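Could you build the full structure based on these sequences and the hints that come with them?
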Amino acid sequence: MTIRVLLADDQNLVRSSFAMLVSSAGDMEVVAEAGTGREAVALARSARADLIVMDIRMPDLDGIEATRLIAADEDLAGVKVLVLTTYETDEYIVEALRAGASGFLVKDIRPAELLDAIRTVAAGESLLSPGPTSRLIARFLRAPTIATASAVGGPSGLSERERQVLALVARGLNNSEIGNALGLSPLTAKTHVSRIMGKLGARDRAQLVIVAYESGLVIPGTV
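Heads up, the sequence shown stops at 721 in my numbering, and the numbers go up one at a time, no gaps.
Since the hints were made in silico from the structure, they are not lab data.
As the structure is a computational prediction, the values presented were derived from the model and not from experiment.
Note that the Cβ used here is the ideal one computed from N, Cα and C, for glycine as well.
Since no wrong hints were added, every one of them can be taken at face value.
Label pairs and their computed distance ranges (CB to CB):
{"id": "1", "residue 1": "521", "residue 2": "575", "range": "23 to 33 Å"}
{"id": "2", "residue 1": "544", "residue 2": "714", "range": "41 to 51 Å"}
{"id": "3", "residue 1": "558", "residue 2": "689", "range": "41 to 51 Å"}
{"id": "4", "residue 1": "681", "residue 2": "557", "range": "42 to 52 Å"}
{"id": "5", "residue 1": "699", "residue 2": "614", "range": "22 to 32 Å"}
{"id": "6", "residue 1": "692", "residue 2": "557", "range": "36 to 46 Å"}
{"id": "7", "residue 1": "659", "residue 2": "558", "range": "43 to 53 Å"}
{"id": "8", "residue 1": "692", "residue 2": "558", "range": "29 to 39 Å"}
With a straight-line Cα cutoff of 16 Å, these simulated EDC-like cross-link-like pairs (lysine to aspartate or glutamate) come out:
{"id": "9", "residue 1": "697", "residue 2": "658"}
{"id": "10", "residue 1": "688", "residue 2": "675"}
{"id": "11", "residue 1": "688", "residue 2": "660"}
{"id": "12", "residue 1": "605", "residue 2": "508"}
{"id": "13", "residue 1": "697", "residue 2": "660"}
{"id": "14", "residue 1": "688", "residue 2": "623"}
Following this line, the structure appears as structure tokens:
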């Protein structure tokens, strides 16, 4: 299946470079390009993209607000958002995840990593690496501005095994790594993650990470 990609970035050179790279992949195509957040929202509705590579800093409407509008639109429920950021704008990463993004990239990412990231997010996985990423998210969730845990649903209704799986998701582990840590098969780990998402009403693994930190299941500074 071909992944339909919308590129949103206010820099023409960056957008063109990404477009050439994405178009070179046999399993994806660029269906539209946007130079502002408002254009991205409009094109998400008209171009029917599967995934949007979304810059954060754009004129008219920034990438976070654009992501929030897309995530709130029931007609765009299947559209995934992969945000772009720099290390100078770390605080925006958590806000983007809260807004509904499924992950983020740094703009100096290697070409192959961008293509892999698009495939990962389009397949329904979140792009949250362990280590620095988890610590970064934890740092900005020490003083949360949006009660995602209460809005989506805290982990109190989860079984002990599900709480263990959720904690590992928050640390950035994929299904195979979760299975290895808990003595489960990758398929069983995936089933647990899907069940947790259903119980918490979370749209993807990125929201599970936010819930885990905001509910106190994972303590900032412990990853």
